[in-house]
Structure formats: C-alpha cells, structure tokens
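The hints should help you fit chain B onto chain A, whose structure is shown.
Listed below are the residues making up each chain.
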Amino acid sequence: MKRLLLMLIALLPFAISPEASAAVLKGAQGQVLTVSATTAKNGSTITVSGNRFDETVGIYLAFCVVPKKGQAPSPCGGGINKAGLGEASFWISANPPPYAIGLTEEFLPGGRFTQKVKVSKKIGKFDCTKVKCAITVRADHMRGEDRRYDMFIPIRIK
Amino acid sequence: MKKIVVATALIASLLAPAQAQAAETKFTGAPLTNLDSQGATINIMLLGVPAKGGLYIQECVEAPVGTRPTLCNSAIQLWISYARGASFSPTDVIKFKPTGTFVSGTTNVDCTVSKCGIFLRFDHTVPGELSEDQFIPLTFKATTSTSVALPVDEITATINGVAVSTQAPITLGYRQRSTVSAVSKAGATLTFASLDPNCALNGREITPLKAVGECAISVTSAGNEKATGRPVILPIRLTLGVHTLGEFALPETAKAFSKTPLPTTSNFGEKIKYKAMGACSVVRSQLTLRRGKCEINATAVGRKALYVALSTRIVITGK
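For the record, the sequence lines run as chains A and B.
Our numbering puts the last residue of the first sequence at 909; the count rises by one with no breaks.
Our numbering puts the last residue of the second sequence at 607; the count rises by one with no breaks.
Just to be clear, a hint being listed does not mean it is correct.
[Unchecked claim] Below 25 angstroms or equal to it, Euclidean Cα-Cα: the simulated DSS-like pairs (lysine-lysine) are:
1. A:K777 x B:K592
2. A:K777 x B:K473
3. A:K869 x A:K792
4. B:K559 x A:K867
5. A:K869 x A:K881
6. B:K581 x B:K547
7. B:K473 x B:K383
8. B:K592 x B:K581
9. A:K873 x A:K820
Honestly, the hints are just simulated from the structure, not real lab data.
Excised from the complex, chain A in its bound form:
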C-alpha cells in the first residue's frame, strides 16, 4: 500500500492540476484507476474507470475511509449500513462464485470497468471532512486478506 501511495503522490503533479481535478493511479500489477474528480460535494457521484485490471481477481470498488497501513479498507460507504447503500460500492468480477452470478458487475475485455460512485461526507461515524476518505479498490472477499490489490485515490469532500 505504501508503494501505491508513493506512486500516487508521484503522479499527482502530473495528473492533478488546480484546473483539472481528475486523477490517475497506476497499481503494482499495471492496472490503472482513474477518477473524474478529487474534490466533490456531499452526495455527488464520481466517475471511476479501471483498465488493465487482472480479470481473474474480483474487486470491490467503494468510497472508504483510508485505513492504517497494511489494514483492509474500512468502513466503506455502502458496505455497512444498508440504508446508505446508494451507489457507493460495487463488486466487479469476471468469475464470481455461483451464488453471485448475475449480481456482480463484469469486467470488460482488457480488464476495464466504469462506474459512478456516490461519495458522502459521512461514512458511518466518520466525517470525511476530518478524516481521509478515498475511492478505493480492493480484492473481493475471495482474497479478502490480500492487500496487494488495494488502491486509494483520496477525495476531498466540500
């Protein structure tokens, strides 16, 4: 995760300028995560695209509180409170387990996806104007403890 954050920091001067708030993050396996904005209003949506993801590894895409180093992203919008599900989290998999076939979003060929993720000021008891929150990708629960697939693009909530 440290490596990913460092890569993001390195990319920020190029990917984010005061005029353009979109951001791009390249992951350790060559996967690319793009967000349409890094600043957003409470309740607005951010377009999130992925490319070159490993299609054999299912992922969760969500708006989460950035965890401590080495820990799983938690809590996440849409991941805890049923009332707050909205469009705050997505399960993307080309090979879901039998019980989830038809319930997941599919990777497009080339390991691509595009989703509109709803962001909020509050995630559970956490206030994203006070703690760091991010558009987050992690391996799904089939590889729930594998932190190699974690990606974070911090979002500032206005």
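Only chain B this time, still in chain A's reference frame:
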C-alpha cells in the same frame, strides 16, 4: 438485493479471519455422499499437484482447524506420486475405497457418528508442509447394504462441439467465449465447474481470462441406479486473443461523399488508429468516401500475454 449481497460480502470479509494459503491441488471426486459402509469406490481426479512432492489420500475424522487429523484409516491410505511404488500417479483416475467404520489405534470410528472425510496432504518427501492439506467431507449410509457393484458412468464432453478429454485438450484464446456440453451414458445429473480462475464458467459458457497457461473444466456425474458417479476433466490450453474491430463491418461499396463513423476502440478496448489511402479520408474516426477505391489500415496496440496488436485492412469503394 444486489447491494445487500455486496454489503454482506463486504461485512463478511471484514469479519473473516486471515485465510490460509489455498492448496494448489484441485480435487474432484464422486460420489462423496450416502456411501455404502463397505464396498464404496470414489473416483478421484487431481489437477495441479505441485511438482515438488507427492500426496497422501487418507480417510480420517475431521480435526480442528489448523491441525492434522489423528484418527485415520491406515488400511486404505493411497500414495499419489510419480515415484516407483506409488498407488497412483497424479494424472490417473484414482480409485479410493473408504469404509463406514474403521479402527485407528485403539479407537473404533463410526463415520455415521463422527465426521469422516478424505484428507489430502503432502507425502513424506515434503515433511512439515501443510499447504496442500485439504479435508473433503464424506457421508455414509446408516445401514450396511449389500448392493451389487455398479459400473462407472461414462461422460462424453465437448467444447464448441469438439470432443475434449485429458488426452485431447482444446486450445482457446483470451476472451473466446465457448460452450461446454456433456452427456452421461447412465443419464445421471451432471455438474460443471471451473477448476482454475483463468477460465470463468457461467452456466455452460466458458470465458478464458488469460492467454498463457492452462485452465480446466470438470464435469461430474452424480451417479444413479445404473452407474456410479465420476468426474472428468476437460483441459484447456490458453492462447492469445483475437484482436478485432469488434462487431463492426463495412460494406464493399457505399455512396461517394457519404460519412461513416468507424469504431474508436477494439474488441479489447484499445484505441484504434486509422490510416486512409485512395479515395477517402478518416478524421477522428469518421470515414469520408470519394468516388473510387478506398483502403484503410486500422491498428491498435497489443498487450503482452493477452492479445496481439491489431492490424487489419479494409477496402471499400465509393460509387
């Protein structure tokens, strides 16, 4: 509902303890339930047995998580290895004959009372390594039956209409959607499963997600009154995907001075570049024809270990 499943899965993942490293060996076998106490035979196939050692297949009483079973049926243990003296080699159809009761040391085990199962583990050549430990539960009939031994079911399987077996693998390209079909000679119920994440299986539709290595589909007969169940393995060799313009096709002729939008991305999502020659031009993926022969070269980058670069030529005549 979908969101609830996602939420449940997320919560479950947050609560779940750290997972042990998954075994490389993929086990398929049948029948595994309602076995006769004496005379039962389980047909087993193993895939992906690590090269660094052999395996033991044992019948044991399930042990607590993180420990190896201590109550095992030593009389029927099998050694799976390419080494001389092994019971079976890893690529064989393995016949395993568990019993509903056995004695382990001084303990009498009744598998209708205790939770018995097949225990897979590395053999003596890889001592102390638990990574291949797997426990597959078995159930036995409460009473001993004296049924006549049935023949093993025969399964005929095809992928895209081509017969496939361990002796005759099929080759599929990255993202080449394919269909698996199979018939049980005994008319038994068949179940299908992908044994490797490199190939997704949705119903009977296979989608290769890699272009290197292999994957495999298992087809398992549940058995019936005519035959005992068994699995078959359908190996698939993976190769580079076919890079195309997708569903797009141009007619051989079209009206001169007409404009036609061309696809901007390939079937794998790569950006397509066009170069027009002759009686036409392409600007921002829009084709403008003049009278005469037009030749367009379309190219897109490839991706290592998934698909080759796209390079295709389209000819159209403006009239």
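Pair hint K869 (chain A) and K792 (chain A), alpha-carbon separation not exceeding 25 angstroms: Holds. K869 (chain A) to K792 (chain A) sits at ~10 angstroms (cutoff 25 angstroms).
Straight-line alpha-carbon gap K592 (chain B) to K581 (chain B), limit 25 angstroms: Violated, at about 35 angstroms.
Can you confirm whether the C-alpha distance between K473 (chain B) and K383 (chain B) stays at or below 25 angstroms? holds (20 angstroms)
Taken at face value, is the distance from the CA of K881 (chain A) to the CA of K869 (chain A) at most 25 angstroms? Holds - the C-alpha atoms of K881 (chain A) and K869 (chain A) are around 18 angstroms apart, at most 25 angstroms.
Hint check: K873 (chain A) vs K820 (chain A), CA-CA at most 25 angstroms. Holds or violated? The given pair, whose Cα atoms are some 21 angstroms apart, holds under the 25 angstroms limit.
For the pair supplied as a hint, K559 (chain B) and K867 (chain A), is the alpha-carbon distance within the 25 angstroms limit? At roughly 22 angstroms apart (the allowed maximum being 25 angstroms), K867 (chain A) and K559 (chain B) satisfy the hint.
Are the Cα atoms of K777 (chain A) and K592 (chain B) separated by 25 angstroms or less? holds (17 angstroms)
Is it true that the CA of K777 (chain A) sits at most 25 angstroms from the CA of K473 (chain B)? violated (52 angstroms)
Hinted pair K581 (chain B) and K547 (chain B), Cα distance within 25 angstroms: holds (15 angstroms)
In terms of the numbered hints stated before, the structure departs from hints 2, 8, listed from lowest to highest.
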